[in-house]
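Using the sequences and the accompanying hints, generate a full structural model.
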Amino acid sequence: MAATTKWANELRHIGKNPFTMRSVKYVQDVEKETLGANGEKGEETSNIPPQNSAPEDETMIENSFWKEMFRQVYQDKKAFLGAIMVALFIIIAVFAPIFAPHDPYEVDMSKMLLPPSFMSGDSADSADQSTYLLGTDFLGRDVLSRIIYGARISLVIGLVPTLITLAIGTLLGMVSGYFGGKTDYLIMRLADICMSFPSLLLAMVVMYTLGASLFNIFIALSIVNWGGTSRIVRAQTLALKEKEFVEAAKSIGVRKWDILWRHIFPNCIPSLIVLFTLSVPEAIMSEAGLSFLGVGAQPPMPSWGLMISRGKEYLFSSPWVAITPGVAIFLVVIAFNFIGDGLRDALDPYTKHE
Amino acid sequence: MSDAILEIKNLKTYFKTRKGLNPAVDGISFNIEAGKITALVGESGSGKSMTAMSILGLVPQPAGKIMPESEIWFEDQDLTKLSERTLAKIRGNEISMIFQEPMTSLNPVYTIGKQLMEPLRIHQKMSKADARALALKYLEMVRVPDPERRMSSYPHQLSGGLRQRVMIAMAMVCKPKVIIADEPTTALDVTIQAQILKLLKDVQEQLNTAILFITHDLGVVAELCDDVCVMYAGQIVEKATVEMLFENPSHPYTAGLLKSLPRVDDDVDMLYSIEGMVPNLINIPEGCRFASRCPKAMEKCREKEPPKVMIETGHEVHCWLYE
Amino acid sequence: MAETLLSGKGLKKYYDVSAKNLFAKKKSDVVKAVDGIDINIPKGKTIALVGESGCGKSTLGRLLIHLIEPTEGEALFEGKDIYHLKGRDEKAFRKDASIIFQDPYASLNPRMKVKDLIGEPLLTHGMKDSKERYAKVAELMSISGLKTEYANRYPHQFSGGQRQRIGIARALALNPKLIVCDEAVSALDVSIQAQILNLLKSLQRAYDLTYLFISHDLSVVRYISDVVYVMYLGKIVEYGDPKTLYASPKHPYTRFLLDAVPIPDPSQKNRTKMIVEGDIPSAINPPSGCRFRTRCPQAVEKCAAEEPKLVGDTVSACACHFPLV
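Residue numbers (the working numbering), protein chains in the order written: chain E, 1 to 354; chain L, 1 to 323; chain G, 1 to 325.
The hints are simulated quantities; they were obtained by calculation from the structure and are not laboratory data. Quick reminder that beta carbons are idealized off the backbone N, C-alpha and C, glycines included. Zero decoy hints are in this set.
When the alpha-carbon atoms are kept at most 20 Å apart in a straight line, the in silico SDA-like pairs for lysine to any residue are as follows: (1) E/243 <-> G/112; (2) L/198 <-> G/274; (3) G/43 <-> G/315; (4) L/175 <-> L/130; (5) L/259 <-> G/217; (6) G/269 <-> L/205; (7) E/241 <-> G/110.
Listing some non-contacts, in silico: residues in chain E with all C-beta distances to chain G over 12 Å: (8) 89; (9) 96; (10) 109; (11) 138; (12) 167; (13) 171; (14) 180; (15) 212; (16) 216; (17) 235; (18) 289; (19) 313; (20) 326.
Label-pair ranges, simulated between beta-carbon atoms: (21) E/181 <-> L/154: 32 to 40 Å; (22) E/256 <-> L/121: 55 to 63 Å; (23) E/326 <-> L/111: 53 to 61 Å.
Rendered as structure tokens:
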């Protein structure tokens with residue numbers, strides 16, 4: 001049995017590549033069992049000499065929660081596809097200047113509304129049309145480059161307000177659920193108010209009063225969305241605070257805020273991750289909506305929503321100007337949703353412990 | 001053993017898991033005789049509940065599978081070879097089941113009466129009036145107070161003890177030849193448990209049904225049952241009548257288990273305790289499965305599976321000690 | 001007589017469960033989970049609370065270490081009323097009294113490593129230095145029979161018995177004087193149960209611990225306890241040392257309870273035993289007078305009219321108008 005463990009140890013050091021995660025996990029399982037089987041005998045003998053320092057074998061079992069999550073996503077084809085698409089999206093957004101064939105702001109009226117190069121085919125009348133893979137818009141700017149740069153805005157819009165929303169929602173939700181009483185009542189009514197406005201309308205009101213800018217979009221989207229998060233976190237907190245381990249912590253004399261941080265919050269993380277992946281596409285959509293309505297990003301910023309908005313006038317003559325950014329939004333949103341679905345299945349205790 | 005009504009031969013139920021094949025039930029054979037209560041005892045994970053599920057053809061799909069060499073003979077039919085449709089006709093009609101938690105096996109949206117009458121209407125094609133009369137009779141038999149009113153109650157309106165009585169009535173109502181009771185009293189308080197055990201015994205004697213009683217409680221076995229099979233890690237380690245087993249527990253596991261029970265009728269200073277815990281069934285080592293915890297383990301025990309030894313008529317032990 | 005560590009006087013815990021419906025008329029429904037209990041826990045002994053579900057034994061256990069607020073009554077721990085402790089005194093009490101829960105799955109935070117679970121009480125009570133803390137954790141683990149190599153594991157990687165050992169290590173962390181064991185072995189298999197019971201017993205001898213052992217299992221209670229309190233619907237009906245109590249119970253309910261326990265010996269199959277009829281009444285608005293009268297075969301009018309008092313001495317007592325001889 002010792003040989004098995006040794007063999008497992010060797011294998012584990014080889015398996016650093018994230019794509020061999022599965023085999024690493026398997027090796028750990030084997031190891032766990034063999035260890036368990038070894039440990040059985042010694043279980044009752046309580047005269048194991050106490051060690052002087054804490055066991056430092058950190059590598060034995062790492063954060064199994066994250067490992068398990070990655071493994072589940074890796075096994076779920078849909079979620080894995082989503083993860084690859086999101087990774088591509090992030091890479092493109094970060095390295096936009098490398099990927100973009102043209103300057104997204106460069107206006108050239110002589111090349112106005114050129115069709116995508118693959119559409120015109122061999123009957124191309126001008127040689128340099130082929131460099132505009134997705135054609136040009138009404139100011140002769142390269143649509144592909146604008147979409148690539150637009151990914152940056154969508155990424156920031158997708159991440160920043162969502163993180164703010166989650167932070168506010170989690171804090172208020174936990175406080176509301178754990179302390180209850182008047183605090184709970186106050187926070188939940190505030191959430192009701194925010195949730196009862198049509199979200200786009202509320203965001204528009206915020207944008208009109210604060211003025212249209214990227215920073216204000218963050219604020220607008222955060223105000224609109226925190227209510228839902230706090231509801232979910234509150235429900236989780238209510239269930240968790242009845243758990244025996246919370247009572248156990250109380251019996252030791254752990255203070256309330258420590259209980260929230262140490263016991264409630266870590267157990268909310270699975271839901272928060274799912275919520276995060278499902279909120280990112282929502283924020284991207286909201287930004288597109290606001291920009292389409294003219295209260296979001298302002299021209300000449302290459303935002304996808306704005307591109308659709310400006311392209312809609314040429315929808316019948318030159319449809320690519322509006323449709324291509326639409327396809328981009330579609331792809332990103334569906335990729336995030338795929339991951340979200342996969343994670344929800346992976347982290348759901350009912351599907352996990354079959 | 002001519003009056004065996006249910007014969008289980010070499011039953012193997014395996015589960016596919018991520019970590020490998022789990023032999024939850026691994027080659028067990030025993031008989032259930034008419035008019036007797038046969039106990040299947042074991043700790044959690046011993047495979048006793050999965051044995052019951054296998055008999056009823058309710059092994060969770062698709063992870064679980066009854067291996068082809070298994071045989072379960074009931075009235076000249078091998079239940080493992082029957083189609084789902086034929087099995088459904090036998091289940092609930094000729095073999096019925098009582099579960100541990102009645103609340104989960106009673107449908108909360110139907111009245112007790114409707115649920116009692118349903119099997120009669122389906123399996124025996126009875127008219128509504130006849131079914132109702134019979135259902136009432138059985139509620140009286142399991143001593144549910146005020147049965148007329150209880151017919152129109154919903155499960156949540158009954159106490160745990162009453163619910164278990166209703167479950168027994170439901171299991172009895174089609175006059176099955178075999179009843180499988182899976183830990184029917186584990187969720188109940190002791191005083192209620194005593195009531196239910198007495199009731200089961202009475203009803204069984206009245207109808208002469210065979211009962212397979214699955215439990216972890218050796219006290220209940222001694223009080224109620226006639227024959228016992230002790231299971232450990234998916235296998236039967238000892239099989240005997242109740243008297244023989246408690247008089248002369250021969251497998252070291254059975255003996256250890258009995259010694260580790262605190263007694264209500266006796267004082268003990270320090271309990272005997274079996275070291276360690278049940279091994280993981282996946283990649284189980286060769287030899288006897290109890291060897292790693294057994295105080296009498298020999299070299300041989302870790303190498304070869306122990307033989308079946310008859311130490312007296314009707315008392316069978318799977319252990320190298322008696323070879 | 002050993003000196004008293006903790007004593008409760010007139011403890012009551014009521015829960016208001018009235019339907020606060022907008023449309024229904026307000027009914028006052030009160031669950032009297034614990035209804036006027038005096039209890040005395042001597043130092044270094046094991047006191048058992050036994051009773052069936054809903055009798056209030058867990059509520060009483062939680063009251064006695066101030067996990068919940070009493071409706072009425074006081075509890076003195078080494079002479080101080082635990083419900084009015086402030087600041088440093090309260091912290092000291094939390095250190096002196098700990099609890100082991102029934103469900104080893106629910107009582108350990110699944111997202112914490114074993115070393116942090118066992119280290120949490122130490123951290124809470126000021127052992128900030130992680131090296132010192134983990135050394136103590138390793139010591140606690142070996143005392144409770146856990147391999148120290150498992151310190152970095154999560155609770156779900158352990159079996160039920162091992163988790164209960166984690167719970168025990170946690171309860172021992174602060175060198176408590178009193179440990180409440182709330183059905184601590186009920187969820188475990190027989191062979192594991194024996195291991196844990198023996199561990200608890202040897203720990204008591206080694207560290208001079210006092211246990212309040214809450215259980216529904218009379219056999220386990222006989223094995224572990226020095227004094228047994230039998231509860232029924234929020235009241236103590238009888239107490240005494242287990243040997244005499246089990247041999248000659250005075251309260252009819254105790255007798256029924258003992259007779260109902262199955263004995264693992266087929267030769268005793270046909271012993272005379274009394275089986276009590278009926279179900280346990282709801283704790284909402286329980287029966288008047290003696291609460292057991294609705295199921296008691298010898299109940300008379302007096303039992304309904306007048307509530308029996310606990311009569312006896314410090315060693316044993318019984319609350320029945322017509323105690324069994």
